[in-house]
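Residue numbers (full-length UniProt numbering), protein chains in the order written: chain A, 1 to 198; chain B, 1 to 198.
Hints listed in this document are in silico derivations from the structure and should not be mistaken for laboratory results.
Just so you know, not all the hints are guaranteed correct.
A pair counts as met if it fits within one copy or between any two copies, since identical chains are not told apart.
To be verified - Once the Cα atoms are required to be at most 20 Å apart in a straight line, the calculated DMTMM-like pairs of lysine to aspartate or glutamate come out as: (1) Lys39 with Asp137; (2) Lys2 with Asp80; (3) Lys75 with Asp137; (4) Lys39 with Asp80; (5) Lys144 with Asp41; (6) Lys144 with Glu127; (7) Lys2 with Glu27; (8) Lys39 with Glu127; (9) Lys75 with Asp57; (10) Lys144 with Glu27; (11) Lys39 with Glu130; (12) Lys2 with Asp57; (13) Lys39 with Glu138; (14) Lys75 with Asp85; (15) Lys75 with Asp184; (16) Lys2 with Glu130; (17) Lys2 with Asp137; (18) Lys39 with Asp85.
Number of protein chains: 2
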Amino acid sequence: MKLYDLELSGNCFKVRLFCALTQLPLEIYEVDYMGGEHKSDYFLGMNPLGQIPLFEDGDFLLRDSQAILVYLAQKHVLHDWWPQDAAAQAQVMQWLSFAANEIARGPNDARLHDLFGVELNVGLARERAEFCAAILDEHLSNNKWLVGSGPTIADIACYPYMALMHQGGVNAAPYLNLMRWMGDIRSLDGFVSMPGIE
Amino acid sequence: MKLYDLELSGNCFKVRLFCALTQLPLEIYEVDYMGGEHKSDYFLGMNPLGQIPLFEDGDFLLRDSQAILVYLAQKHVLHDWWPQDAAAQAQVMQWLSFAANEIARGPNDARLHDLFGVELNVGLARERAEFCAAILDEHLSNNKWLVGSGPTIADIACYPYMALMHQGGVNAAPYLNLMRWMGDIRSLDGFVSMPGIE
Chain A
1 MKLYDLELSG NCFKVRLFCA LTQLPLEIYE VDYMGGEHKS DYFLGMNPLG
51 QIPLFEDGDF LLRDSQAILV YLAQKHVLHD WWPQDAAAQA QVMQWLSFAA
101 NEIARGPNDA RLHDLFGVEL NVGLARERAE FCAAILDEHL SNNKWLVGSG
151 PTIADIACYP YMALMHQGGV NAAPYLNLMR WMGDIRSLDG FVSMPGIE
Chain B
1 MKLYDLELSG NCFKVRLFCA LTQLPLEIYE VDYMGGEHKS DYFLGMNPLG
51 QIPLFEDGDF LLRDSQAILV YLAQKHVLHD WWPQDAAAQA QVMQWLSFAA
101 NEIARGPNDA RLHDLFGVEL NVGLARERAE FCAAILDEHL SNNKWLVGSG
151 PTIADIACYP YMALMHQGGV NAAPYLNLMR WMGDIRSLDG FVSMPGIE
């Protein structure tokens, strides 16, 4: 299994972190992002969206960090991480959409602006980041993990850009339940980090 | 099963359409969107994001249109619509993320601007809508459905805002494979429509 990776990408980090936590072997291929490799013809032939992460398992190609988490958990029968019960699975899905939509438009966009110079409405992105933090903080006031009694791929999908939020100019410190949850993730056996996360 | 619904919402339409196609009974509760019911204390108590659709099955509450589709398909063992094979399920998931991210920021945002007066960068939203149309058109040039040999919840999640794209000022007509696919969806037994879709 091979990951077309960028070390600084929180989306790529989701895959690296999940494989580390579940002891799945993963070959890393570092994409030359600054050189525009992800927009090259050969890369667009594999992923027309021109996005990383891109994941390869034999001749099977898959884009999108959330989809890669679902693939790994479903293929390797990691049902604690990806519940098969309809209600629990749908609750995980709820947070996968939250990662793909609200977190992408919030802390991820704010960081893209501050760290990579992407032009966008950073004020709005920061407002949305605070909203994400508040929603998660409230949920985590009554729940140790996002869904059920242990970590799932919902936690893995939502964690990176919340932990990197400070790189978009938003401070997580006032959100005590969010801080506690991020600490719990860092305490998981096998946890690995990335630049920007202590 | 009850849907907190808005007739003009493409996200709510995903749920209505899927239940119609699979003959699942669904009680509709029309939320007073213009009156701000979705931002009322009682509604925020059920969905802190203040978004519709919201779905209720007994005392189980679920937000997010993609999560509701997963719930319905998983609960009712509709494996043609939500494959259990890891690769196929992950490919469906890829398009669920595409609906939650790219389509939400593209045709959905452009329509929010034009139809509901939401202030946002409509030029960028239209560019992204054209990008979504191009990506889908290319994929559908070699595939009758988004994943596998029949319709899945991926098709249901991506269809509404592509079919409503004209309400955001973007014309789908040049995208012939996209047009063919939208026609195939309209031809499914049990198809129901919504305002803005012929």
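Hints and how they fare:
Taking CA atoms no more than 20 Å apart as the test, Lys39 paired with Asp137 passes between copies only; the shortest distance there is 19 Å, against 37 Å inside one copy. Taking CA atoms no more than 20 Å apart as the test, Lys2 paired with Asp80 passes in neither setting, with 24 Å inside one copy and 29 Å between copies. In the homo-oligomer, the alpha carbons of Lys75 and Asp137 never lie at most 20 Å apart, since the shortest distance is 32 Å inside one protomer and 29 Å across protomers. In this homomeric assembly, Lys39 and Asp80 never come within 20 Å of each other (Cα to Cα): the closest approach is 36 Å inside a single copy and 34 Å across copies.
In the homo-oligomer, the alpha carbons of Lys144 and Asp41 never lie at most 20 Å apart, since the shortest distance is 45 Å inside one protomer and 25 Å across protomers. For the homomeric pair Lys144 and Glu127, neither the shortest alpha-carbon distance inside one copy (25 Å) nor that between copies (41 Å) is at most 20 Å. In the homo-oligomer, the alpha carbons of Lys2 and Glu27 lie at most 20 Å apart inside one protomer (4 Å), although the nearest pairing across protomers, at 46 Å, exceeds that limit. With identical chains, the CA atoms of Lys39 and Glu127 are at most 20 Å apart between copies only, with a shortest distance of 17 Å across copies and 30 Å within one.
Taking identical chains as interchangeable, the C-alpha atoms of Lys75 and Asp57 lie at most 20 Å apart only when both belong to the same chain, with a minimum of 11 Å there against 29 Å between chains. In this assembly of identical chains, the alpha carbons of Lys144 and Glu27 never lie at most 20 Å apart, being 32 Å within a copy and 33 Å across copies at closest. Taking the closest pair of Cα atoms, Lys39 and Glu130 come within 20 Å of each other only across two copies (18 Å); inside a single copy the shortest separation is 32 Å, beyond that limit. Taking the shortest alpha-carbon separations for Lys2 and Asp57, only the intra-copy value of 6 Å comes in at or below 20 Å, while the best inter-copy value is 40 Å.
Taking the closest pair of Cα atoms, Lys39 and Glu138 come within 20 Å of each other only across two copies (17 Å); inside a single copy the shortest separation is 39 Å, beyond that limit. Proximity of Lys75 to Asp85 under the C-alpha cut-off of 20 Å is found in both arrangements, the shortest distances being 16 Å within a copy and 8 Å between copies. Neither within a single protomer nor between protomers do Lys75 and Asp184 lie at most 20 Å apart by alpha-carbon distance, with minima of 26 Å and 31 Å respectively. In this homomeric assembly, Lys2 and Glu130 never come within 20 Å of each other (Cα to Cα): the closest approach is 34 Å inside a single copy and 31 Å across copies.
Taking the closest pair of Cα atoms, Lys2 and Asp137 never come within 20 Å of each other, the shortest separation being 34 Å inside a single copy and 28 Å across copies. Proximity of Lys39 and Asp85 under a CA criterion of 20 Å is satisfied in neither setting, with 39 Å inside one chain copy and 31 Å between copies.
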